[in-house]
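> If you want the building blocks of each chain, they are given just below.
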Amino acid sequence: MKDINILHSEPFILLITIGAYYLGNLIHRRFKYPFTNPLLIAITVLIPLLLVLDIDYPTYEKGSHAISMLLSPSVIALGYALHKQIGHLKGNVCRILLAITAGSIVGVLSVVGVCYMMGTPHLLMVSMEPKSVTIPIALGITERMGGLAPLTAITVFICGIFGNIVGPWFLKTIGVTSPLAQGLALGAASHGVGTARAMQLGQLQGAIAGMAIGLMGVWTAVVVPLVEYCLS
Amino acid sequence: MKGIFIILAFLVVGEFLSYLTGGFVPGNIFGMVVMFLALQTKLVKEDSVATVCTLLTKNMTLMFLPAGIGLMAAYELIAENWISIVLNITVTTLIVMAVVGLIVERNKKGDKK
Chain F
1 MKDINILHSE
11 PFILLITIGA
21 YYLGNLIHRR
31 FKYPFTNPLL
41 IAITVLIPLL
51 LVLDIDYPTY
61 EKGSHAISML
71 LSPSVIALGY
81 ALHKQIGHLK
91 GNVCRILLAI
101 TAGSIVGVLS
111 VVGVCYMMGT
121 PHLLMVSMEP
131 KSVTIPIALG
141 ITERMGGLAP
151 LTAITVFICG
161 IFGNIVGPWF
171 LKTIGVTSPL
181 AQGLALGAAS
191 HGVGTARAMQ
201 LGQLQGAIAG
211 MAIGLMGVWT
221 AVVVPLVEYC
231 LS
Chain H
1001 MKGIFIILAF
1011 LVVGEFLSYL
1021 TGGFVPGNIF
1031 GMVVMFLALQ
1041 TKLVKEDSVA
1051 TVCTLLTKNM
1061 TLMFLPAGIG
1071 LMAAYELIAE
1081 NWISIVLNIT
1091 VTTLIVMAVV
1101 GLIVERNKKG
1111 DKK
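Top to bottom, those sequences are chains F and H.
Take the first sequence: its letters are residues 1 to 232, numbered as in our numbering.
Take the second sequence: its letters are residues 1001 to 1113, numbered as in our numbering.
Among the hints, erroneous ones may be present.
Stretch-level coverage of chain F by chain H, calculated; a stretch enters the list once three of its residues show a Cβ under 8 Å from a Cβ in chain H [unchecked claim]:
#	region
1	41-52
2	205-219
3	225-231
Think about it this way: if two alpha-carbon atoms lie no more than 27 Å apart in a straight line, the pair counts; the simulated DSS-like pairs of lysine-lysine are [to be verified]:
#	chain 1	residue 1	chain 2	residue 2
4	H	Lys1042	H	Lys1002
5	H	Lys1002	F	Lys90
6	H	Lys1058	H	Lys1002
7	H	Lys1042	F	Lys84
8	H	Lys1045	F	Lys62
9	H	Lys1045	F	Lys90
10	H	Lys1042	F	Lys90
11	F	Lys32	F	Lys172
12	H	Lys1058	F	Lys90
13	H	Lys1058	F	Lys32
Think of the hints as simulated: they come from the structure by calculation, not from any bench.
As the structure is a computational prediction, the values presented were derived from the model and not from experiment.
Every residue gets a Cβ at the ideal spot worked out from N, C-alpha and C, and that includes glycine.
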């Protein structure tokens, strides 16, 4: 019984979580492909490991709480990154606002479009509309619009992972190479998880992405009710 | 240590601002803005937060790992709606990324000419 207790203990869970993240970074540094993404590697290593060791999600969640708790402080730390990079923003304010406005409108409308083509029920559609927005804001939007909060949280998160994995590669393919554009696109499409990836590309990309999270969140909160109003 | 104190203090301020505005914009986003303004106005010295902030932002991916594992717990909900979820996410995320990225990229090139 004693080893089972160790496996379920907080230090052990922290150890394997940070271990998986470290491994992900090591592999990513060695082989630079979209699929050698640190987050993706860490998740694919951890899930089977947890299943084999018979650690269920509530236990894991409790054990890894110390790491999740660092998320808010790291969002605040983005304020520092933004401060360091503010010089690059001067003269770009208009195009940033234009891009985010377009991004939030297109983001919501594209969900509506895909859902209509697929014949997805309205409830699911509403739940997925705020998917490019940081989770707390997305949940606020879903609640007000009567969507399913768990479904929103999942789509938002998968959307983040997806952008985190293919984002830099996709942006390069379509010819988006300036750090400003890369950062803004990653933050706008994939919120915090995209920002984490942008940070790996560079301090400027990360700082801009952090700013994009806030702008995109506020804009989408305005756009979703408007779109729903027009549809009804 | 001072850096950690400042970050936590701004988090509390951010949460309070969030509470005052009805909780719609999360406290950490407010905190980010407060941190930015404090540094710009030199209310907080850059050096005092530099180390902690760089460490945190560089390792942001780690902070999302527990939530990523949470997908395991939501398996049923995903399985029921997976086609819709997958299509929506892949297609629309790329569209948003392309729109935002290209608008900034194009205009930037235009300016340089």
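> Of the hints given before, which are not true for this structure?
3, 5, 8
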